[in-house]
Amino acid sequence: MILAVIVGLAIGTYAFRLAGVVLRERVALPERIQVLLPMTAATLLAALAATATFMDAGAFAGVARPAGVAVGAFLAWRRAPFVLVVVAAAATAALLRLAGVE
639 MILAVIVGLA IGTYAFRLAG VVLRERVALP ERIQVLLPMT AATLLAALAA
689 TATFMDAGAF AGVARPAGVA VGAFLAWRRA PFVLVVVAAA ATAALLRLAG
739 VE
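For reference, each letter of the sequence shown is one residue, going 639 to 740 in the numbering used here.
Some hints could be false.
What follows is a set of in silico ranges between Cβ atoms, one per label pair, in the way DEER data are often shown [as the list claims (entries may be wrong)]:
no., residue 1, residue 2, range
1, V724, G650, 14 to 22 Å
2, A708, T651, 30 to 38 Å
3, Y652, V739, 22 to 30 Å
4, T681, L656, 21 to 29 Å
5, R717, A685, 37 to 45 Å
6, V665, V724, 39 to 47 Å
7, V645, L667, 28 to 36 Å
8, A680, V724, 42 to 50 Å
9, G646, A690, 22 to 30 Å
10, F654, V739, 26 to 34 Å
11, A711, Q672, 24 to 32 Å
12, A688, R717, 18 to 26 Å
13, A690, V725, 31 to 39 Å
14, P719, R655, 30 to 38 Å
These are computed hints drawn from the structure, not numbers from a lab.
All values reported here derive from a predicted model rather than from experimental measurement.
Beta carbons are placed, not taken as given, at the ideal position from N, Cα and C, and that holds for glycine.
Produce the entire structure from the sequences given, and follow the hints as far as they go.
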């Protein structure tokens, strides 16, 4: 059963990509849509990051995880090395959990 689902999704994905290539010249999108379309990927990624930051199994994840993400985002904004960003974010969340802050 699971193999059939995987194969079905693979075929659907391939067909969707192929349709984009085949229909690119036949379908004319309005100018406004062409401007907004590249931003959709960033919007979906931001929504996924926000959901992963604040939610855990359908409930609020607590304060420690968003605090760690905030520290990581701040350090990334300040262009700190990637390893430092990851370690600082993880350490922030771990220390807050160790202190009893959920």
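So, going through the hints one by one against the coordinates:
no. : hint                       : verdict
1   : V724 with G650: 14 to 22 Å : 35 Å, violated
2   : A708 with T651: 30 to 38 Å : 35 Å, holds
3   : Y652 with V739: 22 to 30 Å : 47 Å, violated
4   : T681 with L656: 21 to 29 Å : 25 Å, holds
5   : R717 with A685: 37 to 45 Å : 25 Å, violated
6   : V665 with V724: 39 to 47 Å : 42 Å, holds
7   : V645 with L667: 28 to 36 Å : 31 Å, holds
8   : A680 with V724: 42 to 50 Å : 21 Å, violated
9   : G646 with A690: 22 to 30 Å : 27 Å, holds
10  : F654 with V739: 26 to 34 Å : 44 Å, violated
11  : A711 with Q672: 24 to 32 Å : 30 Å, holds
12  : A688 with R717: 18 to 26 Å : 22 Å, holds
13  : A690 with V725: 31 to 39 Å : 19 Å, violated
14  : P719 with R655: 30 to 38 Å : 36 Å, holds
Hint violations for this structure: numbers 1, 3, 5, 8, 10, 13, all remaining hints satisfied.
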